[in-house]
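Number of protein chains: 2
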Amino acid sequence: MREKGFQDYYPDDLSHCFGCGRLNEYGHRIRSFWDGDESIAEFTPEPYHTAIPGFVYGGLLASIIDCHGTGTASAAAYRRQGREMGSEPVLRFVTASLKVDYLRPTPIGVPLILRGRIKEMGEKKAIVEVRVFARDTICVRGEVTAVLMPESMKPAGKSP
Amino acid sequence: MREKGFQDYYPDDLSHCFGCGRLNEYGHRIRSFWDGDESIAEFTPEPYHTAIPGFVYGGLLASIIDCHGTGTASAAAYRRQGREMGSEPVLRFVTASLKVDYLRPTPIGVPLILRGRIKEMGEKKAIVEVRVFARDTICVRGEVTAVLMPESMKPAGKSP
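Read top to bottom, the protein sequences are chains A and B. Once you know that position 53 of the first sequence is 317 in the numbering used here, the rest is easy, because the numbers rise by one and skip nothing. Once you know that position 94 of the second sequence is 358 in the numbering used here, the rest is easy, because the numbers rise by one and skip nothing.
Worth flagging that the hints you see were computed from the coordinates, not collected in a lab. Treat the hints with care, as some may be off.
Intra- or inter-copy, both count: the list cannot distinguish identical chains.
Pairs of lysine to aspartate or glutamate residues, derived as EDC-like cross-links and limited to a Cα-Cα distance of at most 20 Å, are as follows [unchecked claim]: (1) Lys-388 <-> Asp-365; (2) Lys-363 <-> Asp-272; (3) Lys-383 <-> Asp-365; (4) Lys-388 <-> Glu-415; (5) Lys-363 <-> Glu-393; (6) Lys-268 <-> Asp-400; (7) Lys-388 <-> Glu-289; (8) Lys-363 <-> Glu-407; (9) Lys-363 <-> Glu-310; (10) Lys-363 <-> Glu-384; (11) Lys-389 <-> Glu-407; (12) Lys-389 <-> Glu-310; (13) Lys-268 <-> Glu-415; (14) Lys-418 <-> Asp-299; (15) Lys-388 <-> Glu-267; (16) Lys-383 <-> Glu-415; (17) Lys-383 <-> Asp-277; (18) Lys-363 <-> Glu-415; (19) Lys-418 <-> Glu-393; (20) Lys-389 <-> Glu-348; (21) Lys-363 <-> Glu-348; (22) Lys-388 <-> Asp-400.
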């Protein structure tokens, strides 16, 4: 494995997400990285993540777009503040809105590459565009509106 | 179990979807029914389908909205043609676009109710609004643009 992914910096009590939590043993464990000004992640769906046979399930594609988007928002928020990821206070983003356009059927059985790009970045809100490629062909385009996790969602007594 | 769900009428070779395929042993197996002019489905997430602890993972919510939406589109298309579900030719819909607004965090550990409503219905395209409720409170609103499955996605030599 290469360096730590964005999601590896989330504190333990915020690392149980089914899509990207390193402590969720059943989940997808998406990990995202910077690649210049874009973010990148790779994910190979399991054979049972199927829609129509031969193609990847749209709900899974929405899921990996979601977590790559919120991870990118978090990393960009730290970058904007000139802070290292993992430093406090924690900047954990959650999804307010998700839009996914399935441009063509996504073939199953090959690694998918996700590329994220910040479209808007504010103190508490980010809009991230995520494109999903299979064999260098764009298959899906998503947009994640991510917001800084509200106090009401924080596990009691943890994560400053 | 009550009567057959919309998805139970899909032919075998189109019943492997991770979200709703009755032949996908790893999947969510969403089943949808008519409730007057609306469609309804119930789904209880597993404890590991978590986002931030205590709340349901957004990607899972997108997934169940997706399959409830395409199932509703299929059922409505048969209804529009005055045909029984399962009769031929098969009317199987796939998702062209999905939009999900997370209105409030969705609590985990309780059954979720999905209610679908046809917003637009054409010969080859439907727009379905899906609302997700937990304890009678709306938590998520989705919109599924579903299109009749293109020939290019059909498993070879099957499903007329």
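Starting from the hint list further up, note which numbers the structure goes against and sort them upward.
-> Those not satisfied are hints 2, 6, 7, 9, 12, 13, 14, 15, 16, 17, 18, 19, 21 and 22.
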